[in-house]
Amino acid sequence: MRRDIERLIRWYPAAWRARYGDEFSTMLDDELSGGRLTWHIYRDVARAALGERLRHGGLAGDSAQTEVALRSGALTVLYSWAFLLIGTAGFTKLAEHFATTISPHARAVPTIAYRIAEIAVASATVLVFLGAVLVTTSVSRFLHRGGWSVIRRSVWRTALAGGLSSVGLLVLARWAHHLTPAARNGTNALYGATFLTWAAVTAVTVLLTVDTVRRTIDATELSPRLLTIEVRLAVAVATCASVAVAAIITWIGSVAIGDPALLNTHASTEAALTSMPVVATTSVAILAIVLTTLGEGRIVRTTLRARHSRA
Amino acid sequence: MATTRITRSWRPENSPAVLILTSLADGPKHGHALLKDIRRFANVDLGPGTLYGAIARLEEQGLIEPLATEDRRRPYRMTPAGSVALADVVSSMRRLADVGAARLTIATGH
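As given, the protein sequences belong to chains A and B, one line each in that order.
To convert a position in the first sequence, counted from 1, into the numbering used here, add 5.
To convert a position in the second sequence, counted from 1, into the numbering used here, add 26.
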């Protein structure tokens, strides 16, 4: 029983456990008096622990310090950029050669949408790298002060996933060299499955990379001025991500209506919109926009609250 | 049954924070004592996560404060700010109850 309770308490963030963990487990012991943990308790604690994690991460509630809340808002935008990259990879595959194969009458809107998506994703990526360059000095100071032990596991995990992804890419490139375009695009099931596995590993690598950056920045001291710049960059990234997602969805919608044959063999708008690659790309893009909204919303709310309390 | 479920979910006195402050109004209590007391006077079963979520928020807002731990059980007591906050809620609920009762009397004619 005690072990079940201890496992339950681990759902809470470490700082919360340090403050309330002991009394919480004693209260649960008293409440259960030898009985078992019920589904009602699991559900209640899961909801409360998630709330505490969001609160401690600065993503919920008004109690988080302004600096913590701004930092977490900016880091949430960074996650949205990672999902945007993954969604863009799917989109690029979807839109491969569309400029030469789409019917002339349906070309205008997708061409503009594609160009806008390209520019928006590239701009977001440049801004993210600019943000990374700006924190380099602070991060190296953090590493010199023993920060490596904090992020070591995360870095190794990311490096392992990155290594797997690179090896997979080399194998796929050599393999693809011996295949016809039709075999590369679906008729060779084994190649298709391997490609999908590689895509999944690469997506995980992108997310692990961003997670490592998040852990590093979370533990790095940033000056108020640098934090302000990073937050402004995050707002700019969020704007680019929103534009990119809108452009991707416009592209999919306009192609599904104007030339659905490009997205599926049945050549109907419904079939095009419900085909697996379209659903997968749209889902990731929507996830990116949800995270963008969460992160940007957090930044805006915190900024307004800080201004209000100064006034 | 459905009505009971609906009304229970939006009754203001079912707010965990109000229940905890009401319970602490007659003296300090630790987590389990709070759960038992709330069950007794309000017939509400607060989950342990909900209880400690509300305790943490009330403590942050300075409405309750922890006392020294006794055998791993930490009692909490209401602060003067907590008393003021509870008095405010109670008086606003009383006003609401008076208006509701008066209007129900007009509507039903009893």
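Treat the hints as calculated values from the structure; they're not laboratory data.
Values in this document were obtained by computation on a predicted structure and should not be read as measured data.
Hints may contain errors.
What the hints assert, rightly or not - Far from chain A, by Cβ distances over 10 Å, these chain B residues were calculated:
1. N40
2. A43
3. P74
4. T95
5. V115
Claimed, not checked - Derived EDC-like pairs: lysine to aspartate or glutamate, alpha-carbon spacing no greater than 20 Å straight-line:
6. K62(B) - D35(A)
7. K55(B) - E96(B)
8. K55(B) - D35(A)
9. K62(B) - E86(B)
10. K55(B) - D34(A)
11. K62(B) - E36(A)
12. K62(B) - D49(A)
13. K62(B) - D97(B)
14. K55(B) - E36(A)
15. K55(B) - D71(B)
16. K62(B) - D114(B)
17. K55(B) - D27(A)
18. K62(B) - D264(A)
Every residue, glycine too, gets a C-beta built ideally from N, C-alpha and C.
Handout entry: Non-interface label on T95(B), tested against every C-beta of chain A at 10 Å
Key = 7 Å, violated
Exercise for the section: Below or equal to 20 Å on CA atoms is what counts here, so check K55(B) against D35(A). Expected result: 14 Å, holds
Exercise for the section: For the pair we were handed, K62(B) and D97(B), check the Cα-Cα distance against 20 Å. Expected result: Given that 20 Å is the threshold and the Cα spacing comes to 18 Å, the pair holds.
Practice task
Sort out whether D264(A) lies within 20 Å of K62(B), counting only the CA atoms.
Solution key: Not satisfied, since the Cα-Cα distance of roughly 66 Å exceeds 20 Å.
Handout entry: Restraint check for K55(B) with D27(A), where alpha carbons must lie at most 20 Å apart
Key = 16 Å, holds
Practice task
Measure nothing beyond the straight line between the CA atoms of K55(B) and E36(A); if it is 20 Å or shorter, mark the hint as holding.
Solution key: 14 Å, holds
Practice task
Please work out if K62(B) and D49(A) have their alpha carbons no farther apart than 20 Å.
Solution key: With Cα atoms ~17 Å apart, K62(B) and D49(A) stay inside 20 Å; holds.
Exercise for the section: Decide if the proposed pair is consistent with the structure: K62(B) and E86(B), CA atoms, cutoff 20 Å inclusive. Expected result: At roughly 24 Å apart (the allowed maximum being 20 Å), E86(B) and K62(B) break the hint.
Exercise for the section: With a cut-off of 20 Å on the C-alpha distance, tell me whether K62(B) and D114(B) pass. Expected result: Violated, at about 25 Å.
Problem - Hint consistency between K62(B) and E36(A) [alpha-carbon to alpha-carbon, up to 20 Å] - result: 9 Å, holds
Practice task
Mind verifying the non-interface call on V115(B)? Its CB should be farther than 10 Å from each CB in chain A.
Solution key: The claim stands: V115(B) keeps its Cβ more than 10 Å from every Cβ of chain A (closest is about 19 Å).
Practice task
Test the statement that N40(B) is away from the interface with chain A: the closest C-beta pair must be farther apart than 10 Å.
Solution key: 15 Å, holds
Violated hints, listed in ascending order, are 3, 4, 9, 16, 18; each of the other numbered hints is respected by the structure.
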